[in-house]
Amino acid sequence: MATKYDQAIAAEIIASFDARPELLVQILNGFLARYGHIPDEAIVQIAQALNLSRADVYGVVRFYHDFRTEPPGSTVVKICQAESCQAMGSRELTAHAERSLGIRLHETTADGSHTLEPVYCLGNCACSPAIMIDSRVYGRVDAARFDALIRDPGSA
Amino acid sequence: MGERTRVYVPRETAALSLGADEVADAIARAAAESATAIELVRNGSWGMSWLEPLVEVETGGERIAYGPVGAADVESLHAAGFLAGAEHALKLGPTRDIPYLSEQDRWTFERCGLIDPLSLDEFQRHGGFAGFRRALEIGPTATIEAVKASGLRGRGGAGFPTGIKWQTVADTSAEQKYIACNADEGDSGTFSDRILMESDPFTVIEGMAIAGFAVGASRGYIYLRSEYPLARTVLTGALDAARRSGWLGTDILDSGFDFDVELHVGAGSYVCGEETSMLESLEGKAGLVRFRPPLPAIEGLFGRPTAVNNVVTLGSVPKILVTGPEAYADRGVGRSRGTLAFQLAGNVKRGGLVELAFGTTLKELIEHWGGGTASGRPVRAVQIGGPLGAYFPAALLDTPLDYEAFAAKDGVLGHGGVVVFDDTVDMAAQARFAMEFCAVESCGKCTPCRIGSVRGVEVIDRILAGENRDVNLELLDDLCDTMVDGSLCAMGGMTPFPVISALKHFPEDFEASAGATR
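Protein sequence lines correspond, in order, to chains A and B. The numbering used here puts the first residue of the first sequence at 1, with every later residue one more than the last. The numbering used here puts the first residue of the second sequence at 1001, with every later residue one more than the last.
To be clear, the hints were calculated from the coordinates, so they are not data collected in a lab. Ideal Cβ positions, reconstructed from N, Cα and C, are used throughout, including at glycine. Be aware that a few hints might be false.
Listed next, with one range per pair, are the computed distances between beta-carbon atoms [stated by the list, open to error]:
| no. | chain 1 | residue 1 | chain 2 | residue 2 | range |
| --- | --- | --- | --- | --- | --- |
| 1 | B | His1368 | A | Arg99 | 56 to 62 Å |
| 2 | A | Ser53 | B | Thr1250 | 53 to 59 Å |
| 3 | A | Ala8 | B | Asp1485 | 25 to 31 Å |
| 4 | A | Glu107 | B | Lys1504 | 34 to 40 Å |
| 5 | A | Ser53 | B | Ala1142 | 26 to 32 Å |
Which residues of chain A face chain B? A few of them, derived with a C-beta cut under 10 Å, are [what the hints assert, rightly or not]:
| no. | residue |
| --- | --- |
| 6 | Thr75 |
| 7 | Ser84 |
| 8 | Arg91 |
| 9 | Ile131 |
Hey, can you work out the whole structure from these sequences and the hints?
In structure tokens:
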């Protein structure tokens, strides 16, 4: 990820969805998978290719939480903030994560290694509290397990 | 060496979140080191999340369960001879005899855990596509009649009769109609859609094909939330397999019926689980909810008649057609017929999926299946039906689990999620969170929801600070009324439910000093 923006690659992503305007959300998901965020250049290029205004595309980008417009840290850590996880201590876990990484929710560490984000339900509610590191979900995460997973996400 | 011993390790989110992949690797390694030939099957989950990773060994024609298994347990399991079903501290006995499972009434989830989710052969060997074949035999009208007679209601939360929705779409003439499967399972405490999609995806596809045949739709969409990456992988594989083998495409089974399904993935918006917001998102737009009428069944996706159904609703249909609607309708109570897959979550000892006929009490579900709280402390509050559902105090735990019984107590059963809290919960914080969540997730189209939720947080903060308490309590009450009556959809219209119920049942938590002492 975090590859440099490339118009040819962007055109490929758009073409893989046949430049269909009704697939705009899917196209943006394609950019997200490729770049980890929605670059400004993408909004311009998508708008042109789909024959939409830039404002149209930007409005869609702004609506969805996933479509961040700034590059995230190299590892994205999401902590579930919803009720089931609250019942199992996610508020305390979040406070621990903020202390441990030295950042608040929605922030990225100064060295660019981690971004911490809230998420509202990962569907792992029988094993609360749950977190997601990049695209992997972990269950029953307490402070010690959180620290271990930050050091090594493979130590499930 | 005779036949290879078959070992099952689930590839399902809850199991993976507790290390199932590492367990599978360790089992494969141990077998290789001892030169034992095994066949490792990555099945779905039985839904007994508290026992995950649940490893099964097939021996003597039976599946013997061990769990919860960590990668570090594999060496001792191997040494004990678990591949022959030997005794071990983690041995649970035959999977089918585990009471948590054997006492359930599995209808929609009967194949979950049993099969390799992507094996069309196993799916069909266990009854898959029999419902679709039956629909093709009896025709669209009789199919809709069967769904009506079963009493099936929408399992996404709204509980609208499925057969009547299908009838409306069928009766509306249009060149193109659609089936939209709502897989945007965003409610906290719910995961039944996810388990079905990850563990038995062909059932969802079969349900969609039946729906398409019944209403005259040749195209279907699945709208899946982005928080479910594994379900995406599994559904993509299942759709490819169904297309390759002719279960999707043109002239399916030489019936003249064409049907195909496109998978769309959302982008982290809760409100997109609301049906009209989902339709907007499926059209590539921001998920702003639509005014109703017109109903989506008449003017839905791209302005065409669309049957919007939840994953579990669609997944329940095939078996209704195979057994006939009576078997389904015979289950349940009152106007809540059939089964609901309850999801036990939060502070509960034995969390997981429990499919039961309607009518069991909340208490039985939490105590008998759930085993009480995980913390061992008393249950203080239970939120049923997701973040827009009411909080029930311990005194209401004898409420039977059916739509009307819950409505009578100002609650909702919704999608069947049950989130348990022990006596350390701060109900004022939970009420505040309900408003806060609405402020984050509101689509912004209507004022009561967009502004009301922000004001709701502020008013609760003032109450907790002891500022003009009585006046602000009255204001909160008025605000909740405005949101309930004036919002366009359930997001703003139901956010007051957890707030009002918390105020009603737990007023002591809203005392000015309460927050400080907790």
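Hints and how they fare:
1. B:His1368 x A:Arg99: 56 to 62 Å: Given range 56 to 62 Å: violated, Cβ gap about 40 Å.
2. A:Ser53 x B:Thr1250: 53 to 59 Å: 37 Å, violated
3. A:Ala8 x B:Asp1485: 25 to 31 Å: 54 Å, violated
4. A:Glu107 x B:Lys1504: 34 to 40 Å: 38 Å, holds
5. A:Ser53 x B:Ala1142: 26 to 32 Å: 49 Å, violated
6. Thr75: Nearest chain B Cβ about 16 Å off; hint violated.
7. Ser84: At about 4 Å, which falls below the 10 Å cut-off, the nearest Cβ of chain B leaves the hint on Ser84 (chain A) intact, so it holds.
8. Arg91: 8 Å, holds
9. Ile131: 9 Å, holds
The structure fails hints 1, 2, 3, 5, 6 (numbered hints given earlier, in ascending order).
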